[in-house]
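Protein chains: 6
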Amino acid sequence: MSLIQVINPNTSLAMTETIGQAARAVAAPGTEILAVCPAHGVPSIEGHFDEAIAAIGVLEQITLGKAQGVSGHVIACFGDPGLLAAREMASGPVVGIAEAAMHAATLLATRFSIVTTLPRTLVIARHLLQQYGFSHHCAALHAIDLPVLALEDGSGLAQEKVRQRCIQAKREDGSGAIVLGCGGMATLAASLTQELGLPVIDGVGAAVKMVESLVALGFGTSKHGDLAWPLQKPLSGAFQHLN
Amino acid sequence: MSLIQVINPNTSLAMTETIGQAARAVAAPGTEILAVCPAHGVPSIEGHFDEAIAAIGVLEQITLGKAQGVSGHVIACFGDPGLLAAREMASGPVVGIAEAAMHAATLLATRFSIVTTLPRTLVIARHLLQQYGFSHHCAALHAIDLPVLALEDGSGLAQEKVRQRCIQAKREDGSGAIVLGCGGMATLAASLTQELGLPVIDGVGAAVKMVESLVALGFGTSKHGDLAWPLQKPLSGAFQHLN
Amino acid sequence: MSLIQVINPNTSLAMTETIGQAARAVAAPGTEILAVCPAHGVPSIEGHFDEAIAAIGVLEQITLGKAQGVSGHVIACFGDPGLLAAREMASGPVVGIAEAAMHAATLLATRFSIVTTLPRTLVIARHLLQQYGFSHHCAALHAIDLPVLALEDGSGLAQEKVRQRCIQAKREDGSGAIVLGCGGMATLAASLTQELGLPVIDGVGAAVKMVESLVALGFGTSKHGDLAWPLQKPLSGAFQHLN
Amino acid sequence: MSLIQVINPNTSLAMTETIGQAARAVAAPGTEILAVCPAHGVPSIEGHFDEAIAAIGVLEQITLGKAQGVSGHVIACFGDPGLLAAREMASGPVVGIAEAAMHAATLLATRFSIVTTLPRTLVIARHLLQQYGFSHHCAALHAIDLPVLALEDGSGLAQEKVRQRCIQAKREDGSGAIVLGCGGMATLAASLTQELGLPVIDGVGAAVKMVESLVALGFGTSKHGDLAWPLQKPLSGAFQHLN
Amino acid sequence: MSLIQVINPNTSLAMTETIGQAARAVAAPGTEILAVCPAHGVPSIEGHFDEAIAAIGVLEQITLGKAQGVSGHVIACFGDPGLLAAREMASGPVVGIAEAAMHAATLLATRFSIVTTLPRTLVIARHLLQQYGFSHHCAALHAIDLPVLALEDGSGLAQEKVRQRCIQAKREDGSGAIVLGCGGMATLAASLTQELGLPVIDGVGAAVKMVESLVALGFGTSKHGDLAWPLQKPLSGAFQHLN
Amino acid sequence: MSLIQVINPNTSLAMTETIGQAARAVAAPGTEILAVCPAHGVPSIEGHFDEAIAAIGVLEQITLGKAQGVSGHVIACFGDPGLLAAREMASGPVVGIAEAAMHAATLLATRFSIVTTLPRTLVIARHLLQQYGFSHHCAALHAIDLPVLALEDGSGLAQEKVRQRCIQAKREDGSGAIVLGCGGMATLAASLTQELGLPVIDGVGAAVKMVESLVALGFGTSKHGDLAWPLQKPLSGAFQHLN
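Residue numbers (numbering that gives the first Met the number 0), protein chains in the order written: chain G, 0 to 242; chain A, 0 to 242; chain H, 0 to 242; chain L, 0 to 242; chain U, 0 to 242; chain P, 0 to 242.
Excised from the complex, chain G in its bound form (with noise of 0.2 Å):
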């Protein structure tokens, strides 16, 4: 029995809810999902305040997840908050959903597109397509221009505008697949797969099966060099519980 923790960086637990389901119903029968939010933090993550805040509740629920004896961790926010300090701190893999998705996607296809929220997250897409070497494998990227809390109020109108960029990218970019640019999107993938005809990502399904697959290969993060563990320091005030 091996566990996964899937970390949403934001503290909406609606949120958190599509997002367990979203792991569970790819894991494997030997895999158990803890979905967890930080205690404090940002009810969603539209930027990069919004991320340099959530970073530190991915940190803590590392910290929690650890003791916890998971095997790895998720975090699931499009912009993969927290990423290398993530893994720093971890010995199990830590995969970043944004990573998950762009990775999956191109071993299905030659290019993709994102379809995202707001457009002032467009700039954090574009800096990990950079940072994880894809630049030139995404064909364009689309913001339905809704607030990601819009994905839970209840109404399907984001979900249909989600649909509708889905559609209007298959028909221009010459992509062949999409890549879902919004944790809240994560049940959207299989129902746009579906009438779509070509792969529609969703990275908590992706990142779910990649900390799987390493965790079956006998991999954690390297802690040779860069990601090595934290160097001990006494971290003062609000953060001592971070030692």
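Possibly wrong hints are sitting among the right ones.
Because identical chains cannot be distinguished in the list, a pair is counted as satisfied if it fits within a single copy or across any two copies.
Straight-line alpha carbon distances no greater than 20 Å define the calculated SDA-like cross-link-like pairs of lysine to any residue that follow [as the list claims (entries may be wrong)]: (1) Lys65 <-> Asp172; (2) Lys65 <-> Ala38; (3) Lys160 <-> Glu194; (4) Lys65 <-> Glu31; (5) Lys222 <-> Gly132; (6) Lys232 <-> Leu12; (7) Lys232 <-> Pro118; (8) Lys160 <-> Gly196; (9) Lys65 <-> Leu2; (10) Lys232 <-> His126; (11) Lys232 <-> Ala38; (12) Lys222 <-> Gly19; (13) Lys65 <-> Ala149; (14) Lys65 <-> Gly132; (15) Lys65 <-> Leu234; (16) Lys160 <-> Asp144.
Since the hints were made in silico from the structure, they are not lab data. All of these numbers come straight from a predicted model, not from anything done at the bench.
Could you slot chains A, H, L, U and P onto chain G? The hints should help.
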């Protein structure tokens, strides 16, 4: 029960056995491995000429695998010969062992090193790094200067040279992970990971887990756009069986 | 007297004739053109699968060309299939028509456009641009959305579509030159250059002149390092004749 | 009278003093320097974990600085932690010392070298080079293999190691300038510039002058698009004070 | 008292006046601006031929500036003609207005747009973006399709076209800042910044502040390596005065 | 009968003779070589200052060459000084020897090395590699640390140093070809190619063949877009003769 076809693109039965063994060692309970190699072709692959011939064997095996109802395919030679052609033919996912190992390495470390066989094969690895987007993630490439089949001569010399180069790469490159650059090195990964204390990645295992993952996520190779089915045309002569 | 082998990688005799005609139109007085195509293979090349098969035909022709004492070889399909494998086999220069046309374009203009046949072949051109280093020199890629063999159907429709797209590319792309993306378009270059008032470049002609030039300079393909002769190994079955 | 806030992202008062001193040494007559550090956080920054924590301190200080009416902000740690998040919060310019030093270096020389503290921080510098566009302008990166706080131990050992590495870099790298890779090295720049006869650049000084310059030109951080104000949302728990 | 030489590389006295005015508007109290232009050369610079001629005028002015004891030099044409040659000759800093504006833009926004004069000058801007490392920071380039000297014809037409293009760039490009691509646009920056509500950056002002900053930091152009003094050699004929 | 103008951008008559000799050695039967150098300028070119001056001489010679009815032009200095300006002025093709040699090298080998004169000229080669797109095709750059004119001092010392460096490059770089980085090395290529057993490429010969080829294909420099004729404007003073 899911069936994954692992194609050794060269005609060496011994290496096919090594590769099959490595694949089975990591396969999930529900996965059966079908390790195959072409009936005709080259006994080892150490250049572009060898790759061009091996690609035909890969395509033949893809056809056979589809007839046997496999869920996905692994191309188990570090140059990923015939990868995009195979993807055109396949409905399930097709993953090469070079890309699989490189993808896995970037999830575990900021930079990786490659250890392979003959220096003349390094150019192939360099081109793949560029095509996959990982040029900046590779700190160094090493060749042990022995041919591929030295890994099957029973002397253990090639294996020891691989080990020495991995130790050197760990000491000098500043990499957090090492990628083994030949399918014939697949069974070395676990012990080297143990001995060196950092991920030493065999692409065969990594590719099997990636195919399993993509299948579990419900994805096959995208048939929209660049990787659509090959256009139907009358293949002549020696290629009629690929019609 | 110098003999240059122009290899049409597909099996279309009509297209081989078109290509041979274009080659002869620019050949120097002392150059004889040997226009050939494989006995077996694909009638047209519009994807990676087609390319993989065509590559074998190219290698067979290289062997035959060497036996006939040719000075150098042209691979006359815009994807340059089998190029590096052919270079391993050849002592003389081997030049693909895509690279030839792209090289020529960068000597005549700061940026160029490409006009080709089916949209699915654009990914091949994109990969070549990246491999050759010309991604930033290509302003735009266009497809007329007709198959290669439409260029040989005698209707002139494909030719007119090429012409229209060249006119559009001149008007919209800000390019100083246009590269024709198919060997079957070779005979259009001169009249379009005339009509449009900018270089419209056919790779067949360009490649013939580059092979002539390299031969005149005393150069063959480098046999030091990456493109050294293929290692001698027993090729089996359908590939024995390539031994 | 213009007030520039220089934020040392770690909690070392000694280093804050060093940095403040370096800032004041170059400030224009009309500029007052407000050198601050977070109340809580990490005593030194040598990895991604440290950076994630330090970023929160940076954001707290940005808030405080705005309340004090500062014209602009400097982030005085070579990893530029929290830079884009700080820019979202700020109306004035925000400049990191890594970017400032790198920008200055490219105005004075065709290529530069970096000399920093621990090898594990090099990956942070590499990522910044890539994000800022200066990868091709950096000839080499060096680490003295001593922790940041060795610069504050009073022994002068770290300072001497920095000097030796700069001399080596001048001799071996073919660079025209050297960038000091730690805020704690700020006061070394002038004497090393003198001794070595080439620009040895401290980012603290460079960043102060860039903030002064941008303010004098009438520019603050752009609030149009990617760096617009953080969206208003109820921050919870430990982060309420950042609301 | 510090003297900064602002070199208009073309021979237009009116534009030299415009540029000098823009420089003085931002100069620090202790800075005197020496606005000059070549005695001989081209009245405006709109291509590579014009730039080659203008470069000689720039070098002549550098020589004169040094004789007058200036602290640093600005090359006030958006193509930065003669920049590296001028750096070889100068002991103080030399900053081009294209690089200055681009550097400033990357400190204020994640991506910027460029608005310039004739379309044929865009290739020069593209080459500079690549050389300086900012290709990925530039979202779009625009040309108003009027020659440089239209900015000096008194009609205000060119100025209005610049304004319209800036408005369009703000609306369409997703950029946070706009760079004005001609020295003759220098005096437009302040009012456009005001009207558009984002940084509209004139390189003349930016370059003056960068030279001031580098001088205040004690830096001149590096004389170690690539930008060392030109080797002494007997210049002949029309170039003897540059000896 | 076709006339190709080979412009030595420096004023050394001896080197002009060397270059002319190399050009004639490879010219086709129907080609006449017109080897020229500027009346005024620099005796050798070893930096950006030298290049700026030499560019004027190149442009003067282009004008003269056009008046003499030449079919195309070669710029025979390894920095390709004035290349894009010359292309604006020319109707026929203009090819620089650096680009010619680099293009040829990529047709013969996967990677090449460069051997040139003074270390300070390496930055010029690096910039050209980047502009032409060949950065990833160059394995290493070497300088013999002797000035250009040492090649004309009759001692043979520089020639021997070039030879030694080529031997070292072959042994250490993993390159398949070597590019000679100075017009004054032109006559060494044939014997070094012979001795080393790999292509040692002189750009003068390569450029002559490329101009011949482009002319034979019916192409001149594109006058559409970026390289259109220089705009007519009254050149003043020392530049009037270029009107």
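Checked hints:
1. Lys65 <-> Asp172: Close neither inside one copy (42 Å) nor across copies (30 Å); limit 20 Å.
2. Lys65 <-> Ala38: Within one copy only: 17 Å inside, 28 Å across.
3. Lys160 <-> Glu194: within (15 Å within a copy, 33 Å between copies)
4. Lys65 <-> Glu31: Cα proximity of Lys65 and Glu31: one copy only (15 Å, versus 33 Å across).
5. Lys222 <-> Gly132: neither (22 Å within a copy, 24 Å between copies)
6. Lys232 <-> Leu12: Close across copies (15 Å), not inside one copy (33 Å); limit 20 Å.
7. Lys232 <-> Pro118: Result: close only across copies, 18 Å inter versus 39 Å intra.
8. Lys160 <-> Gly196: For Lys160 and Gly196, only the intra-copy Cα distance (18 Å) is at most 20 Å; the inter-copy one is 30 Å.
9. Lys65 <-> Leu2: within (10 Å within a copy, 34 Å between copies)
10. Lys232 <-> His126: neither (30 Å within a copy, 24 Å between copies)
11. Lys232 <-> Ala38: Cα proximity of Lys232 and Ala38: across copies only (15 Å, versus 24 Å in one copy).
12. Lys222 <-> Gly19: For Lys222 and Gly19, neither the intra-copy (29 Å) nor the inter-copy (30 Å) Cα distance is at most 20 Å.
13. Lys65 <-> Ala149: Answer is neither; intra-copy 33 Å and inter-copy 32 Å both fail.
14. Lys65 <-> Gly132: neither (30 Å within a copy, 32 Å between copies)
15. Lys65 <-> Leu234: within (19 Å within a copy, 26 Å between copies)
16. Lys160 <-> Asp144: Classified as within: same-chain Cα gap 9 Å, cross-chain 30 Å, threshold 20 Å.
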